[in-house]
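Residues per chain, in single letters:
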Amino acid sequence: MKRQISVTINGRTRTDEVEPRLLLIHYLREVCGLTGPHIGCETSLCGACTVEFNGQAIKSCTMFAVQADGGRVTTIEGLASNGTLHPVQEAFWEEHALQCGFCTPGMIMAAKQLLDRNPAPDDPEIRHGIEGNLCRCTGYQNIVAAVRSAAAKMSA
Amino acid sequence: MIAQDFNYSTPATIEEALGLISGGEAKLLAGGMSLIPLMKLRLAAPGHVVDLSRVAGLSGISEAGGAIRVGAMMTHYEVESSALVRARCTLLAETAAMIGDVQVRNRGTMGGAVAHADPSADYPAALQALEARVTIAGAAGTRVVSVDEFFVDTFTTGLEPGEIITGIEVPVEPEGTGVSYQKMLQPASGFAIVGVAVRIRKEGGVISFARVGVTGLGSRAYRAAGVEERLAGTAGSASDIANAAAVIADGIDANSDIHASAAYRAQMARVFGARAIQAAVNRAA
Ligand SMILES: Cc1cc2nc3c(=O)[nH]c(=O)nc-3n(C[C@H](O)[C@H](O)[C@H](O)COP(=O)(O)OP(=O)(O)OC[C@H]3O[C@@H](n4cnc5c(N)ncnc54)[C@H](O)[C@@H]3O)c2cc1C
Ligand code: FES
Ligand code: FES
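Chains A and B, in that order, give the protein sequences. Counting in my numbering, the first sequence runs from 1 upward without gaps. Counting in my numbering, the second sequence runs from 1001 upward without gaps.
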């Protein structure tokens, strides 16, 4: 049985009729056309589907779209403002923190969550903060460097 | 999309939620970090899902009468970052911070973790060491049970059909108690292959109080009474600790799976048990 939900996604509120069994990631990608968040594993392990829900990083493959009713979702598409990249996006670019880019949208959302809560993390804290996100290319080294650099930019 | 369609309700009160689950058909949804993966695997296929996220009375963390009450819907992140829990029941905050990853901690709840009773879950070790109590609401009213009674077996608890966990109560830790939770984790998920939670108090240079909770080893989390007895009255030297940790797996039918054999798990329980005791002894004033 379909239900009506109203969700504010990247600052714009929209209303849709969805089945309760529709996962948030499928709602974002297939109903809203936001293909930034990726589906890597669909088993809650890889973090490629990470988005922000009410200000917190979550795995959108492990939440139903109906659970987001009345809430706010930010996807990677919503991070840049007026053509200016978010400092975490900029740092990923500058520090070469991606190769194929598949993990990147989720990795950036997880990194943003970390810096929102801890503006000056050390390397072990950075690694702890992104442990829910897998990258098969970079070996994480440059990702950690990018988060460090973003932290410096954001506190400057 | 999950294979099976279901009805979805969002009750606003505990009474309304109890009414919706009274038929036995419906399944409660908290953070979804265990239930949704099970539904994807079709190990759970409820026809009706009752979302607790809008129910009043299941949130909040407060202190009263020497105890801290954590509402069932408090997320692992809310527990790990609560100033009250960090200051007054450090073991619980430190355990919460070691669950899964940040995205899981942002959604998963204490009530859900306790209800799920995964034999490798982290909270049950701490809750056993803390002699915590679970508050349960049902059609007949509210009841309180000790975690030791509550955890019955693998994925099996003392929760009756039609009941809802409303909160968990832990004691306010007296000043000077040294605590530690140490786990050998399964690297993909973070679940404990074994995990040991310890609370130690000293008086006049000897251990006057010891509580040891173990998860991951057996079919349910348990209190290692034999270890506690061996620690009591000792100075907590390295050899006292080794002597106590040696019996941590005694009488337990150890789990065996692709991650660890029963003998290896038992050995790791002794190793991580000794580390947790040592860390707690070091922190005890
Ligand atoms: C990738 C990943 C890694 C994880 N790693 C760890 C880890 O390292 N350590 C660890 O301990 N856990 C881990 N977990 C599990 C996690 O802690 C879950 O949050 C927890 O087990 C379930 O809580 P939930 O709120 O998500 O419950 P849900 O999934 O919503 O519900 C779980 C069960 O509890 C029942 N239930 C929920 N709330 C109540 C209530 N108030 N009263 C009665 N019944 C209720 C539901 O009906 C269901 O049967 C991990 C999970 C994932 C996805
Ligand atoms: S797709 Fe959600 S965690 Fe991998
Ligand atoms: S850049 Fe390819 S998976 Fe991370």
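Since the hints were made in silico from the structure, they are not lab data. Glycine included, every Cβ here is placed at the ideal spot set by N, Cα and C. Among the hints, a few may not be true.
Said to hold, decoys possible - Below, in silico cross-link-like pairs of lysine-lysine (DSS-like), each with a Cα-Cα straight-line distance of 25 Å or less:
#, chain 1, residue 1, chain 2, residue 2
1, B, K1027, B, K1040
2, A, K2, B, K1202
3, B, K1040, A, K2
Said to hold, decoys possible - In silico contact screen, one side only, chain A against chain B (beta carbon under 10 Å); selected entries:
#, residue
4, L23
5, R72
6, E131
Claimed, not checked - Residues of chain A clear of chain B, computed beta-carbon distances all greater than 12 Å:
#, residue
7, Q67
8, Q99
9, A156
A quick look at each hint next to the structure:
no., hint, result
1, B:K1027 to B:K1040, "holds, 15 Å"
2, A:K2 to B:K1202, "violated, 60 Å"
3, B:K1040 to A:K2, "holds, 19 Å"
4, L23, "holds, 7 Å"
5, R72, "violated, 14 Å"
6, E131, "holds, 5 Å"
7, Q67, "violated, 6 Å"
8, Q99, "holds, 22 Å"
9, A156, "holds, 25 Å"
Comparing the model with each numbered hint stated earlier shows that hints 2, 5 and 7 do not hold.
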